[in-house]
Amino acid sequence: MTAMLDVQNLVKRFPLAGTGKVVQAVNGVSFTIARGETLSLVGESGSGKTTVGRCILGLIDATAGDIEFDGKRMGRGRDIRSKVLRGRIQLVFQEPAESLDPRIRVGETLAEPLRHLGIGRADREKRAREVAEHLGLPARALDQFPPELSAGLQQRVGIGRAIITRPELVILDEPTSALDPTARAEIVDLLIRLQAEFGTAYLLITHDLSTVRFVSHRVAVLYLGTIVEEAPSEALFARPLHPYSVGLLASVLLPDPTLTHTSALRLEGEIPSPIDLPPGCPLAGRCPFADTRCHAERPAPVAVGPQHFVSCFHHQKIAALDSTIDNFARFQEESTKLLSVGAG
Amino acid sequence: MSGRAILDVADLWVGFPSYRQATQHALRGIDMRIAPGEMIGLVGESGSGKTTLARAVMGLVPPPGVIERGHVLFGGRNLAALGDEERRKVLGRELAMVIPNPRAELNPVQTVGRQISNIAFYHLGATRKEADRIALDMLRAVRIPDPERRFAAYPHELSGGMAQRVVIAIALVCSPKLVISDDATSGLDVTVQAQVLDLLQTMVREKGAATLFITRDIAITAHFCTRIAVIYAGEIVEIAETRSFFARPRHPYSIMLLAAFSHNPALRAKWTRSEESRRATAAGGCAFAARCVRRQPRCEQEAPPLRPSATGHEVRCHFPVEAAA
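Line by line, the protein sequences give chains A and B. Under our numbering, the residue at position 248 of the first sequence is numbered 248, and the numbers go up by one with no gaps. Residues are numbered in our numbering as their position in the second sequence, beginning at 1, plus a constant of 1000.
Because the hints were derived from the structure by calculation, they are not lab data. A portion of the hints provided could be inaccurate.
[Claimed, not checked] In the SDA-like style, the derived pairs of lysine to any residue whose C-alpha atoms are separated by at most 20 Å in a straight line are:
1) A:Lys337 <-> B:Ala1266
2) B:Lys1270 <-> A:Thr336
3) A:Lys337 <-> B:Thr1242
Turn these sequences into a full structure, and let the hints guide you.
Next comes the structure, spelled out in structure tokens:
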């Protein structure tokens, strides 16, 4: 598996004006994405997941680290948006209503990225119609304005605008968090279908673990700008080995009152401020397993299974916990039974 | 339960008159009773009328909305008929609200301690000193670390989770009889959301308050409510005990909401009609007919009433899903 995107030791710091302090948003993040693959970057607010996405796009410059796309090293600054790369990496935003211009018709919105590739008007319109069909947008929507559409349809337009250039990588920054569950499921279906059809790779940035479970091949869990665990999706949801992953998965509520979070591990407190981080494990302040070593020394990633890495000194203790948090799989079984009754 | 309901909503219609079009109805005949100490979850999509119902319960339907029919009785009184002064004595004391986006909703230029203390001062007739002590106790009760120092903090100095705890403290300081939570945890991260929900549930139980828990996330209601009411286009389409509801939902819309969590696209498709049909609702028929996978000709002509079923659910459907799988 050759990597299409290879991110090594990405670091991003934001100096705080006038204080001499720095926000350590991203602290040495490394990962790869292969063609046609979905990697989910999971974390709470303040974990640095959006900053990682922005660095890859070149919207902001990384403080340190290497980003390679299709074997070419991407430099700092403007050349990241060079003609060679243009349209090959695209972005879908979180808030569809805010990321679409309310005064530009949907058809034109969809076709706009093609203008920057020097494609003529007739071709642009043709491609916009094709994309609208792929998205399941009603034909009349092309002549409507974004505010006339529901949030779910607006997000389809956001996705369409990204895929119209046939990108190899799409960065999805919280694409479903502003949507109702029903609309969310439809967007997830659409993303899966588009990937199967075009072989697009996704970097899915989100805190919505149910969506992650649907679409990802691999998952990287981010906490305070550090990847604490990385694993194939199934392995992570079946047996998370980092205390933070365990706590995160145990916090997810599923629509079944019999599946309560019974995990022995419950995270207290909240993600601390990323300003002037102490040495040691980023989770040390919230982790019930933390000892003096955790506060002094940063654990390095350890391979614990195929493609499964954990950065925790105590991962064996976590593995020994009687973990019953594989509620996701149990819920799916129950849900399948429930939904299999006749729809008539 | 009928005699001692703390909240009694009967055949409530709320309309928003419009200059050009016919009146838009946000609520179309809501019936709902909440017993003391009960936690009822009200689930629906954006635009289904959830928040309008919350406002109607408080007697605060925003103009130009009007209650056209039916009534809302809180502890036997019609809040909408009270004068502003009289209503203010009830709101915050007997009926409290937990709001989302606390950092935006709290007063930015007053310390959080003072904002809690004010409620005790005005509603409980406490002296300033007593009120401050009550506020400090509340900060402790909602498990805010270092409460003495946080008492003097301003809302922007708190994290979202901490600010949400302050809002819970404000809502519960007078031991209200009914707490309305309107999407109160929607902006929080999952680990914080779990903590805040646990806290809200514990506090509400301790104070013996009833709760109207409004949310668009049906998963939350499964774990924090005793009964579930599903609202669609201003009508309650199903209402049932929590366990029974999730074990065997009867209304096609309830099942569609649950299907959104399935990983099986074929099963989801089986219960979900595309969003395109959302706005096309035939007049006179079932409001859900346009999106219903079980729709029959009768559904487009005749609106079904909310009927009790054999499983104890009340369902608004001509062809509810069978009780036994």
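Inset, instruction - Would you mind confirming whether the straight-line C-alpha gap from lysine 337 of chain A to threonine 1242 of chain B stays at or under 20 Å? - result: 18 Å, holds
Inset, instruction - Take a quick look at whether lysine 337 of chain A and alanine 1266 of chain B sit within 20 Å of each other, Cα to Cα. - result: Satisfied, since the Cα-Cα distance of roughly 13 Å is no more than 20 Å.
Inset, instruction - Please work out if lysine 1270 of chain B and threonine 336 of chain A have their alpha carbons no farther apart than 20 Å. - result: 12 Å, holds
When the structure is compared with the earlier hints, no violation turns up for any of them.
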